[in-house]
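Whatever position you read off the sequence shown (first residue = 1), add 21 for our numbering.
Warning: the hint list may mix true and false statements.
20 Å max Cα-Cα, derived PhoX-like pairs, lysine-lysine [as the list claims (entries may be wrong)]:
#1 LYS167 to LYS143
#2 LYS229 to LYS206
#3 LYS42 to LYS27
#4 LYS186 to LYS167
Don't read these hints as lab results, they were simulated from the structure. All figures in this text were calculated on a predicted structure; none of them were measured in a lab.
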Amino acid sequence: MCDNQKLISLYFQEKSKIATKFPTENILSLYTAVQEAYDTDSIVYILGNGGSASIAEGFVVDLRTHPFVSDDKSITTDLRRLKVVSLTESSGLLTGIANDIGFENVFSEQMKNFSRQGDINKSSILICLSGSGNSKNVINAIEYSKKNGIMTCVISGRGGGQAAKIVDIPIIINGTSNFPGQIGKNDNNFHIEDFQNSISHIIVGLLKKHVETLG
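From just these sequences and the hints, can you work out the full model?
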């Protein structure tokens, strides 16, 4: 077997090892919170940095559409949709806030446009996709959410960092990697992003199942 074939096999072996030890009960807790947000017409906020930002935007797209159309996506419905806010999709907002107030505030400042005082936030949830759980803009968004009664979740690797210590639902993608590009400070990053995407698909599928029971 050539070196590249060995590396391909290694990648999937590492992924399989991570999957067998995954905290599925925490994924269920996240889904339950998302379902509660839907049932109460509350808001799901989603954010991420870098590659996780791209996954966050895909998560938003899927939550906005997949549960409310036919399985092959050819037929739409008039079912009430989930309120989902992407905190990464506007380059104007991101660069404007970063330039004027600081990059550490790009997510928390946006949330101020949607959240309100009182019970209106009680079933809303912030979902953070993060490689390490230590980015200041992620921490600030979590702290803002907690101050305003919004549930919080982080889906992260490398122990989850500071975020895992303060959120309501920590989902930690454990493991290490010897695959090129995934060592040192970037340890396991490809697998972290892969599993962030997988978790997003699980949540979307479970919500679709729930919506179908409502007719």
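Each hint, compared with the structure:
{"no.": "1", "hint": "LYS167 to LYS143", "verdict": "10 Å, holds"}
{"no.": "2", "hint": "LYS229 to LYS206", "verdict": "37 Å, violated"}
{"no.": "3", "hint": "LYS42 to LYS27", "verdict": "23 Å, violated"}
{"no.": "4", "hint": "LYS186 to LYS167", "verdict": "13 Å, holds"}
Checked against the numbered hints listed earlier, the structure breaks hints 2 and 3; every other hint is satisfied.
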